[in-house]
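Novice: Once you've looked at the hints, dock chains B, C and D against the given chain A.
Residue numbers (this note's numbering), protein chains in the order written: chain A, 36 to 440; chain B, 36 to 440; chain C, 36 to 440; chain D, 36 to 440.
Everything labelled a hint here was simulated from the structure, so no lab data went into it. Fair warning: there could be bad hints in the mix.
Given that identical chains are not distinguished, each listed pair holds provided it fits within a single copy or across any two copies.
[Unchecked claim] No more than 30 Å apart at the CA atoms, straight line, and that leaves these computed lysine-lysine pairs for BS3-like:
1. Lys381 x Lys282
2. Lys282 x Lys363
3. Lys145 x Lys266
4. Lys257 x Lys137
5. Lys379 x Lys282
6. Lys379 x Lys410
7. Lys137 x Lys256
Because the structure is a prediction, the values reported are computed rather than measured.
This is what each chain is made of:
Protein chains: 4
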Amino acid sequence: MLKLDFHPAGRHFLQIPGPSPVPDRILRAMSLPTIDHRGPEFGALGLQVLSGIQKIFKTTQPVVIYPASGTGAWEAALTNTLSPGDTVLMYETGHFATLWKKMAEALGLKPEFIGLPGIEGWRRGVQADAIEARLRADTGHVIKAVCVVHNETSTGVTSNIAAVRKAIDAAGHPALLLVDTISGLAAADYRHDEWGVDVTVSGSQKGLMLPPGISFNAVSKKAIEASKTAKLPRAFWGWTEIIEMNKTGYWPYTPNTNLLYGLNEALDMILEEGLDNVFARHDRLSAACRLAVQAWGLEVQCADPTVYSPILTGVMTPEGFDADAIRKIIYERFNMSLGTGLGKMKGRMFRIGHLGEANDLSLMATLAGCEMGLKIAGVKLAGSGVGAAMDFLAEQKIPPLKIAA
Amino acid sequence: MLKLDFHPAGRHFLQIPGPSPVPDRILRAMSLPTIDHRGPEFGALGLQVLSGIQKIFKTTQPVVIYPASGTGAWEAALTNTLSPGDTVLMYETGHFATLWKKMAEALGLKPEFIGLPGIEGWRRGVQADAIEARLRADTGHVIKAVCVVHNETSTGVTSNIAAVRKAIDAAGHPALLLVDTISGLAAADYRHDEWGVDVTVSGSQKGLMLPPGISFNAVSKKAIEASKTAKLPRAFWGWTEIIEMNKTGYWPYTPNTNLLYGLNEALDMILEEGLDNVFARHDRLSAACRLAVQAWGLEVQCADPTVYSPILTGVMTPEGFDADAIRKIIYERFNMSLGTGLGKMKGRMFRIGHLGEANDLSLMATLAGCEMGLKIAGVKLAGSGVGAAMDFLAEQKIPPLKIAA
Amino acid sequence: MLKLDFHPAGRHFLQIPGPSPVPDRILRAMSLPTIDHRGPEFGALGLQVLSGIQKIFKTTQPVVIYPASGTGAWEAALTNTLSPGDTVLMYETGHFATLWKKMAEALGLKPEFIGLPGIEGWRRGVQADAIEARLRADTGHVIKAVCVVHNETSTGVTSNIAAVRKAIDAAGHPALLLVDTISGLAAADYRHDEWGVDVTVSGSQKGLMLPPGISFNAVSKKAIEASKTAKLPRAFWGWTEIIEMNKTGYWPYTPNTNLLYGLNEALDMILEEGLDNVFARHDRLSAACRLAVQAWGLEVQCADPTVYSPILTGVMTPEGFDADAIRKIIYERFNMSLGTGLGKMKGRMFRIGHLGEANDLSLMATLAGCEMGLKIAGVKLAGSGVGAAMDFLAEQKIPPLKIAA
Amino acid sequence: MLKLDFHPAGRHFLQIPGPSPVPDRILRAMSLPTIDHRGPEFGALGLQVLSGIQKIFKTTQPVVIYPASGTGAWEAALTNTLSPGDTVLMYETGHFATLWKKMAEALGLKPEFIGLPGIEGWRRGVQADAIEARLRADTGHVIKAVCVVHNETSTGVTSNIAAVRKAIDAAGHPALLLVDTISGLAAADYRHDEWGVDVTVSGSQKGLMLPPGISFNAVSKKAIEASKTAKLPRAFWGWTEIIEMNKTGYWPYTPNTNLLYGLNEALDMILEEGLDNVFARHDRLSAACRLAVQAWGLEVQCADPTVYSPILTGVMTPEGFDADAIRKIIYERFNMSLGTGLGKMKGRMFRIGHLGEANDLSLMATLAGCEMGLKIAGVKLAGSGVGAAMDFLAEQKIPPLKIAA
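Excised from the complex, chain A in its bound form (with noise of 0.2 Å):
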């Protein structure tokens, strides 16, 4: 049989943008006895992470956990709240809109898709205007749903959703906000209910740290209404008989029980460090890796400061450098991987991951990876990266790692 210990001596570095690097003590917990998903401990688990969860979306409404992957929860957003042939407004951010949006054409909606032209739309965050533009346009309420990507994980860019909830607020519209935050969750200031989102989609295994194979639907009053008439059809994704049976903590069909213990060490981390100090380590990590790329001389992905994703960085290789050629000897040689450049943007860029279980010296791990590896690869580089992330990161205030004891 093929092993499995895939990586040489020393750590690899898993620096895509997600799945990102599962802490050792979440590989622990889910490493606990399978347990009777009927049995009474069972239920006093579902209520703690069910509890858990909603603190991380900002919402006192019901989060529906799937024993699935994101991609799922997108198809779950979409048929528990739709009809066939409904039409949906969904903004192209990126490779992941676009594919939520092909998702949408493949259960029978109609997606409507704008943006920005060509790859100026991969580079800039969703515009509300052109949303709000939309919506005052369609005086007869055929839209009968706003699907926007909060953290673009192709390209790096972390859109307003609350400028997104003002515009449709604006045109009067009676539309649903569905938002996918599937890489932005727990890395990115996200809030459920101020910025009155309709479906939240997220998944496990980016800011939770977890392995794939959980997926979320945080969900409003308002949605829960409209699931009421939605015609597509739908059972394994159905919102209504899960809602029921998780006031006690339980499933209406096998939960995947060790990635829940995966979930609930997750929380405890997550809590334990504080949302908002998760959210200042990403927004310091990200500022420094920008700063790097800037000092190499390339660009980032993102062409809009506003929007800059904490989660992830985009790097455009210059003409004539294919990025899926420096990416592949700096896994070969320094044994990291880094995210391709996906759909448009394909061997233009590649992406870095800085994203969960991540700090200041993993990022200067990766940022001395991608600078040794793009000088291997014949890119000049400006300046270095690396020692303007240090100039940056040896200015910051942060208060001393405190000890457990």
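Specialist: Relative to the frame of chain A, chains B, C and D by itself:
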């Protein structure tokens, strides 16, 4: 936070018919570091598990692996092959057959639910002749699929799937054959190709000894053909793109890597022991268990000896005894979980799981816990089931333990 | 390389009297990352385990923790308190008492070895009156220490240490009292302070449920005083520097960090259950085990009911049956390890461990494996030991399992 | 109870010169179930680790494995070969050489301690000619053994053992050669047989990447011969019985099974990578580290380039800067542990470990943490050590990462 180490001194005996106890080897494998699901090692892992799982299903055709619970694989089997309003012939063998039928309704299909009346149908297997008769009557071929459960987890009955195939053929009917062997796979003999099954649905948390979170569709050429015209909306569950990407060992969306590590280890364990030895072990343990039940003077739920389940044994409790009260005594006094009676059998039976990570002595512990618990509950037993089981097991000729060295 | 996953499907039953099965909780704790043994967190860990272990020994005096096996702690007890050529009175209770005596000789001490003749001495506990008589005769106080084994692992006899203390006091003799409770600690009641023991020797792999590799000396003021003039050379085992550095939670040389994590978890588990509950559990399991042996018509090795061991039961095999051949059958057929007969008892008995991570059902599995194995070996049994044990256990009133939530 | 998950978000960097970071693979191996140390599988495990460890020491002679820390193996080397009052020639290379000398005194030996004066001796290796001169003068052969440290963990100096052997031979002196390579083994080249070492002492928690708790004596025929007449009392440490029982893969007393699992895995990892590749990796990382120190304008503790340690680098801090205050900043701000200055070097230097589970990027993280910490502490650096290390590493030609598949 809640402490997850729920159980007191000494090992908990998880003797429900799934999730079954997860072997340490598999928990350890699941704690390997999460890797890039687009990186070079992942493809090697993917190809290996895809090839290994075919051996378990006894098929050379594609097996689709979902990062989702078994209920999802039920949905996948239906949505990939059928269109809204299609009639499906479903056979009531117990609670799970009933749930699958409800799902078919929820998805907009028209299930026709046949079976023996009352609890009688829950004590016997699928009556292939009834299926044949129904199909013969369907001269217009309105019925698009026949759906049966191989090992009915709610009753402990393992139906004869070859006979169902034969019935369909005898009727000369073109309906697809969809089979749920969620709890049967890798514990009871199963032959996807030889039995001419079109879609076999299974899951991870039973004979495969994994935690819940992975599920399967083994598919036939005919099923794939059907999927090209089937009109139920689908995206997450769609076979086409998955089967295409699987050719190189990858998946179109994020697979649940760490559970795949576990699957890889499970395949290694099962193929190392040998499928025939695995089946023989389950046969031996289930035979011993039934002898114990008979020695106690209680009734086995399955009333037809030709379809006894090797995976679990349903035990009917005498009049006047609530099966769940007995289960509670056993749980609180002996730290053992048994399966509850489901649906029509609520309170009238309990279920003993003897599947997956099980051997003679773990069964003896289980039976001793049941026997003592029944006595404490005040049930008058005809004799010692534990003694009967020991008499049987001590007689069995099995090869001595082979040391790995 | 050799595959370490030695055992086939289903759990191996490790029923030797130590190393006992290590609970998953402890294995998980041991997998925490190794930290700087001079860093700030280490001191917190050190102080906690040092304080916890005192509760287990029931002492307020220092407990020295060695990063070494139990045999080393035997040596430490002797070298810290005695000088070359010193006479020590040692009592033969079995194989381990004999090994300790050999060690004393190897270290240049003069052990005087007393006890009942033949195997009779291996079937009864320490005869305190014989010790008293010998000490009264030693008017010149040539004897510097009395060495006894509390729980003799080779026989299943737990001697009365309070009686030995009383004997020494009655004789008005200044000898130190050194006690080995390597296999007794945290399973049988033990009171270092109340019983006036000067050095108690113990280890990790028995009642503490850890893997081997940690051992202990609990020491009295009198023992520390003796160490100031004791002349046996010592360095690694020397108490003084260790006790001094332990004040801040550190050790003079590298402690075995990951086993200390395990110790911390073990202390947590044991103190959570409550020492008295732990002892009661061992008493119950050992009583059930002896009833089984008696029902089989076999003899328990321990011939004195007042000193039955709660940790293990020695089972004497009938004339004409090689105990090791029976053990081999049980190992190869039922995947269970039992303890061999040691020294004088080689081939004449086997030992059943029922200690540490043990409960009613794990004992029942064990007894069932013994009963079936004895039958397969051709031993004529008077009756069912399994039945006798079940009758006894089902009668016991113990509080219901408390769910952690 | 105290929570053992001490560290906050992101991985802790344990960059002390041992215990070194334990790879996940080894932690997982250590969590295999403890087995009967007298059972059939154990012998297979024992034979395998005993054979594997010989390859690491480059010897065909016995390697004694102790279930104890490295300090114990120091004691074993002395007590097995020497008699009370024996004179031993010991060479002062640093703090650990000094501790070994103190141990010799405590055991009743007469160490003669030679070396260069002041801290000069702590900045250079063993001067073989001084040893030769001393031995030539010892015409009466009063000196029974020469004791030297191969890799002095307190300074970062790796002495030339072949030269010491040559010196002894040149002097025609019969003294035994005892060498401590506790921190050198499996990181710096070491040749027990070729260099004619009589006893090599080592431990688990450095190049072998295990937690502390296992230690070694590799022994020569001459050493075994000496042990027959050596009169220091010994029992736990005695070679004879261990070597005898090792022939079948067992030990006379309880070995620490779970650490042996870890050792088995470590041997697998190291031999798979290839010892020469392991050494080359350590050489590369240490060279990069020294270039960084020099670029900072700081002094490497080791003043002789021919004996730089591949395992650790001692960094001397400028006048007016307390090295421990700098370490504290780095610990609290960057979650990285560095080694303190020991003995004569207290406060004047810190030690960077780059051994075992280490690669280019983990070194870069380490150096970045040092560079930023030094700046925060106010040390004026001549230039960027991180930049210098990157320049060097990017130039190295090493084969691309080999994927296991």
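Novice: So, for every hint listed, does it hold in this structure?
Specialist: The hints, checked one at a time:
no.: 1; hint: Lys381 x Lys282; in the structure: between (45 Å within a copy, 22 Å between copies)
no.: 2; hint: Lys282 x Lys363; in the structure: between (49 Å within a copy, 22 Å between copies)
no.: 3; hint: Lys145 x Lys266; in the structure: both (14 Å within a copy, 16 Å between copies)
no.: 4; hint: Lys257 x Lys137; in the structure: both (25 Å within a copy, 26 Å between copies)
no.: 5; hint: Lys379 x Lys282; in the structure: between (44 Å within a copy, 24 Å between copies)
no.: 6; hint: Lys379 x Lys410; in the structure: within (25 Å within a copy, 43 Å between copies)
no.: 7; hint: Lys137 x Lys256; in the structure: both (27 Å within a copy, 26 Å between copies)
The earlier numbered hints are all upheld by this structure, with none contradicted.
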